[in-house]
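Here's the letter readout for the chains.
Number of protein chains: 6
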Amino acid sequence: MNQLIGEHTAGQQLDVGLLGVPLSRSSITASAASDNPNAIRSIWKSFGTYNIDYDVDLADLRIADLGDVKMHVTDIPRCHHNIEEAMVEALSRNPAYFPVSIGGDHSITCPLVKGFQRHHSGKTIGILQFDAHFDLRNLQDGGPSNGTPMRGLIESGTIEGRHIVNIGPHGYFNAYAYKKYADEHSVNYYTLRQVRKQGIEHVMVEALTYLREQVDLIYVTVDIDVLDAAFAPAAPASTPGGMWSSELLEALYIAGQEPRTAALDIVCLDPARDPRHLITVKTGAYVIMNVLCGIKYRMQQT
Amino acid sequence: MNQLIGEHTAGQQLDVGLLGVPLSRSSITASAASDNPNAIRSIWKSFGTYNIDYDVDLADLRIADLGDVKMHVTDIPRCHHNIEEAMVEALSRNPAYFPVSIGGDHSITCPLVKGFQRHHSGKTIGILQFDAHFDLRNLQDGGPSNGTPMRGLIESGTIEGRHIVNIGPHGYFNAYAYKKYADEHSVNYYTLRQVRKQGIEHVMVEALTYLREQVDLIYVTVDIDVLDAAFAPAAPASTPGGMWSSELLEALYIAGQEPRTAALDIVCLDPARDPRHLITVKTGAYVIMNVLCGIKYRMQQT
Amino acid sequence: MNQLIGEHTAGQQLDVGLLGVPLSRSSITASAASDNPNAIRSIWKSFGTYNIDYDVDLADLRIADLGDVKMHVTDIPRCHHNIEEAMVEALSRNPAYFPVSIGGDHSITCPLVKGFQRHHSGKTIGILQFDAHFDLRNLQDGGPSNGTPMRGLIESGTIEGRHIVNIGPHGYFNAYAYKKYADEHSVNYYTLRQVRKQGIEHVMVEALTYLREQVDLIYVTVDIDVLDAAFAPAAPASTPGGMWSSELLEALYIAGQEPRTAALDIVCLDPARDPRHLITVKTGAYVIMNVLCGIKYRMQQT
Amino acid sequence: MNQLIGEHTAGQQLDVGLLGVPLSRSSITASAASDNPNAIRSIWKSFGTYNIDYDVDLADLRIADLGDVKMHVTDIPRCHHNIEEAMVEALSRNPAYFPVSIGGDHSITCPLVKGFQRHHSGKTIGILQFDAHFDLRNLQDGGPSNGTPMRGLIESGTIEGRHIVNIGPHGYFNAYAYKKYADEHSVNYYTLRQVRKQGIEHVMVEALTYLREQVDLIYVTVDIDVLDAAFAPAAPASTPGGMWSSELLEALYIAGQEPRTAALDIVCLDPARDPRHLITVKTGAYVIMNVLCGIKYRMQQT
Amino acid sequence: MNQLIGEHTAGQQLDVGLLGVPLSRSSITASAASDNPNAIRSIWKSFGTYNIDYDVDLADLRIADLGDVKMHVTDIPRCHHNIEEAMVEALSRNPAYFPVSIGGDHSITCPLVKGFQRHHSGKTIGILQFDAHFDLRNLQDGGPSNGTPMRGLIESGTIEGRHIVNIGPHGYFNAYAYKKYADEHSVNYYTLRQVRKQGIEHVMVEALTYLREQVDLIYVTVDIDVLDAAFAPAAPASTPGGMWSSELLEALYIAGQEPRTAALDIVCLDPARDPRHLITVKTGAYVIMNVLCGIKYRMQQT
Amino acid sequence: MNQLIGEHTAGQQLDVGLLGVPLSRSSITASAASDNPNAIRSIWKSFGTYNIDYDVDLADLRIADLGDVKMHVTDIPRCHHNIEEAMVEALSRNPAYFPVSIGGDHSITCPLVKGFQRHHSGKTIGILQFDAHFDLRNLQDGGPSNGTPMRGLIESGTIEGRHIVNIGPHGYFNAYAYKKYADEHSVNYYTLRQVRKQGIEHVMVEALTYLREQVDLIYVTVDIDVLDAAFAPAAPASTPGGMWSSELLEALYIAGQEPRTAALDIVCLDPARDPRHLITVKTGAYVIMNVLCGIKYRMQQT
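Residue numbers (our numbering), protein chains in the order written: chain A, 4 to 305; chain B, 4 to 305; chain C, 4 to 305; chain D, 4 to 305; chain E, 4 to 305; chain F, 4 to 305.
There's no promise every hint is true.
It does not matter which identical chain is meant; a pair holds if it fits inside one copy or across any two.
[Unchecked claim] Below 27 Å or equal to it, Euclidean Cα-Cα: the simulated DSSO-like pairs (lysine-lysine) are:
#, residue 1, residue 2
1, K200, K73
2, K183, K48
3, K48, K126
4, K200, K126
5, K48, K200
6, K182, K48
7, K183, K200
8, K73, K48
9, K182, K200
Quick caveat, the hints were computed from the structure, so don't treat them as lab data.
Here chain A stands alone, though its shape is the one from the complex (with noise of 0.2 Å):
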């Protein structure tokens, strides 16, 4: 893909921008998910253009890297100031493009969506989340992090939780109490094992089909943690029992070919933790293809 991604050039028609959002020091536990963009970056060059499973070439696609948002070394409010404004501005200078974030821990989500939303002011948008968690604790104890983006973005008022589906929660890995938040906000979810029992096709078709009837715009948010610890390592939250790589991958396949689809991000996968063989920054860039795939072969159908 290295000869996918051209540098971005002022007032170039884009169909893909790829923005770094190095920050993770508002991570609960310590994370070097801040190098996840560059590691990312330095991974392209073992993945082609082409994809066989699907027939998909995305050679013709517009894609550029459009940098990192600037970062702050301690003043963690203005970075996430730096991240709502930044996606503001690109939005702004390419209307038309789909923006792909590459986190940073989740806490990157909340103000991605403000952003989104500013730039989409009158749409309503959704959430189309896999995680192994709500990501709904409060806001008051330890302030916007990585445990609390869903929250931050219904008690904003800038997303319903009844807009927001998320699947795979699984395991001992959510309090009781984030359960009944959610249910008594009617935010939808899948645990896994609902996944497994469904299979992931048909839980996509009907996630997707419920939101295409809520929202005008779903934006997709990838925490990595939602990945068996087997398959994701580098996750710190992953556990065992999670989604297979070959499970979450063809869904976001899926997602892409959605036209409501309209911006990703995927976060808290922290490279510093990855095996030698790198499979999981490997699986994050393919999160990012397979959604480009699905919204390529969505093109050429149109």
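Got chain A sorted already, so can you dock chains B, C, D, E and F onto it with the hints?
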């Protein structure tokens, strides 16, 4: 689950007791499975009490850590003796509780079941074993090691071969002689290929139906090496082509739901071999939690 | 299998011969797959001869380790020449045996099949390939490397494109140009997504039925990079979203049962990249054992 | 030293108190040094109280673990405030004790010394720093990070540049601008090459003699990155050509013997980067123990 | 040294015999030092026979691998018995040879020296020990483990305390009680700090001069944990601040030159903990080679 | 040094040029030293330009990265040809510059020096080698590999044996035959034991004094395996008992100060074997920087 597990106070009523059995100098190949009780203890903190897949909360189970069985540095028979006595004593103090023994290597299952049988004298005990191996080596050549527990239980008259159901033997890791011994003593087993063809849920229902007809109480023993090496790198004898953790975890939730299920041990997990993200230790803790979830579910029904 | 594999004595009748092919300086990216023959040899001791999934015992197969093909330190063409001659000579000495070649990188398959075809002149050879890639790069740019063996066999007239069935290409790892070459030369392939949708058993039956009608003898080549990176971390080109080892192992048992299956190689396994528990090396040995199980099963039927 | 360190009871007389300072989100590059206080705590058990090199026993020192300074998840200035207050409060409760602060990243030294100075108002404080770096970055660009503590202390008027002695700057890891700032503010330093040429004992005697003439109390700060990367792999900024642990350990024993030595911190040790045998964490604990040995030796002389 | 070490044929005259002693289930903490004899055997191939530092060639030493002492899986006393008998028998078959015993944990030194003493009855044996520890724990609490060999030899009357010279105790890893026992029994020792101040050559000359006056034969025992953890990561008890391998290697060359040096063992090297480049296993082999170089040098002088 | 190294523009005046030589398929044992040029390039960013030990700033040296010599995938002789031509061409374009070649394995030194000699025809070239080995294997058996460069230079008449000074051969890693060849051809060498006894500074002064009298220009070649395995784990042939990085780094600073020093290469560093903190890659970059510091110091004197 640090919210969950209290210190044990004498006279206290318990639902579940966790007993560390830090013996692995009886392992045929060198093993640090003796470090596993403490490894499991230190990983609880990454688990909550509420399971979203099963919608079950363990928060009001009365669980206590009973500490470790005292071991001798160089006298292995004395260690096995202590283990049997510890099981008897713990049960006599807490007759109603569910004992969870955290090994150590598989040699501990022989004295643990002997102690369990002594306490429940007059009742028929069956064994539900998850294992890549039969563990039916003879005791003459090397004494009671991690290769011999089922043989030791059969030859001591503690358990009948036909009251054992082993789920998971696979590959090239059982000599033909042991398969023959298993057949001669009517030991029941499902090879992993059978499990895959029939589905783990089907196999579990069949196995539990059978045991329910045969025995009064079911002792569950989980040798973590039943798992594929991708899911359990810290099981010295795990191999490619093994069970997936999602299969094992579902099986144990089902096992916990069975009213005759009355004890659990987990063995042959050597935390010194785990990669940094501790996937196998997490799986070991998850195994215990899922059995307890099944029990809690069963308690809620009644 | 140390019980199984003897030293080779001249004049001895063999069922199976294992030939080390320690060449990987012909790999496009740096590889220590040349260390794999010895890695496989040292792992046999953790395998027995009896497989409980298939109820087949390899103990009375006459298997010998034929040692390594002699390699030159800096003259790669001479190495490829030696490999072809070694195959011819081994077959001329043991006409009835089943040759198993342990690479080394995939460049070795070209001279191995050439030697195999020279021995079996007049017979039509087909190839059953398990691979993430087509291996159809042109030979002009870099000579005969691990990216070119299928192209080398087609362009030398050794094998026809339509007599190749490749199971497992997937993802972004084949340039569109090679897919086009494959189609133009009627190379057959099942993408991994097709395998998942149809099931590996169905695919194997279809592939073997096709080859049986087309060719006299089937040469099986396994590039270990067909596996998912979670299952084969030591395959430099393995990626997320690849084949599971349980699928590959079942496929090879089925392949061994086919009477026209007449040779096997396994390539691109770099043991220097394996984690401590040697999951990939164990899988490499398992691959060989399972083909032999299939053969033994077939022998028992007749 | 688990024999050694007790829980802290209010009103208890202490010789030494250990304070965890788990802050590293203020680190310029991502760091899990916030995990270090607990890592050090868990390694004590591999140390006894008697040192055979110095023939000193720490068994009757009254040492207590004071727990951790409370940190906020996303408000770094509040964290630094809490650290300064914790030092003040701990000293006001235990005026006679020797405070040992376990970081965390080097940003903590600025509030720690400020608190130490507030308690000892009227006294002149000097700093004995072991560090590969000057830590004299300006505070304008990124706020108070692990690159700024000495600058922060000088610019706030807490410490005079001439009362700092830095032992160990080396290599290419200090911009010329910082060396110039150091010279302009009369910061004293011994490059590692000087240390090697003169010997660590000679340097220590000279440095302590100088400080004794200049200041009332000496605060010792050890940035573990002063060590060679072979000895401190878990110091993110350690490099080849650094100090050997034997040199550092001897230096700290000597520092402890100095009566004006009145406080210690150790920083920038990221246990997540340590290899399995935890060499850096062990060195961190050893550093603390050796200062205490020096203190104990001094107490025995009087 | 694969050029060097032959298989042992009955009746053959030997200069040196290598005996594997694969026992480590007697280790206080879990250890795979039982894998060390095979690890050392497999690393010889990376050593030649000629040492350029000493200009000594071992090529014409008659060295044989005597195989392993037979161990029992669960009966540790029987293992210790077998070790003592193996030493006696090997010496009775090859009275003139130099026995090199490759452990295993340090418990093996007690039966090895007992066997050595039985063969050399009437002669006074001294011990030159390289060790971070005294190994003087009492035998009552846990039986003969890797913490007790020197105590076992003294209390059984095999060796007098004053005939032991221990080079290398350091740090916080010997309880004061053992130092007191050492002093009461006149065990000689050089702390590592003394070694550093006097130089390893000076210490060796002094130690050998002393032993030469006291004893007829010197048995050298090397506990690899004497080394710094940077040089011996695979010694479970190695720590920072330990001996450098260059010091140990020089010491052993000097020890080999001493005519009374008559036996060697090397213990407590757990190859499962070595990093990929096997630094500790290589050091273990180097230790043996250097003693042999000293012997060869001595033979060349006479 | 990312501040330091610019892209190379044709016609630009250079002080130093860095040339990647990514060839390691000529290595006797499998090596990924071909990945080292890029590894070194990616580590510059952790180095500044100012060295505080020497008080030298490299900021105004004109250094450019000349890119990589073009290599062929399977034709090793063509690779060696390209290397020689690249050296000739680079020198003809930049006659005044100091060429730094980043290998690759040690086979590259032979064509590099041949090219260097062709450019400087009429001048006598000497070699200052830092190496655990002589690299004097014959060329008949395996062609020009990493074991042969010095032999290749002597036998081709490019260099006289007496104009080679090798600092660092040690241990059991040179066959006696090569030592004999070295002596017969008057190759000079200092064993590591001699270096330790005399001190590296003394040895360097002696070696440079000797070379200054014998030759016009000195080519420095650093085989990173000269270092102890604790300091250079990623040098496949590094061993215990090797050189410390502090010794090597000081030596190279001194070498750079010598006015006849006119070229440098660094070889046999396989970054795939480095642990996470990249100690060996950092040392490789440091080696280059220190030679440049010596050169800069020399320039400042004149």
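Looking back at the hints listed earlier, which ones does the structure fail to meet? 1, 3, 4, 5
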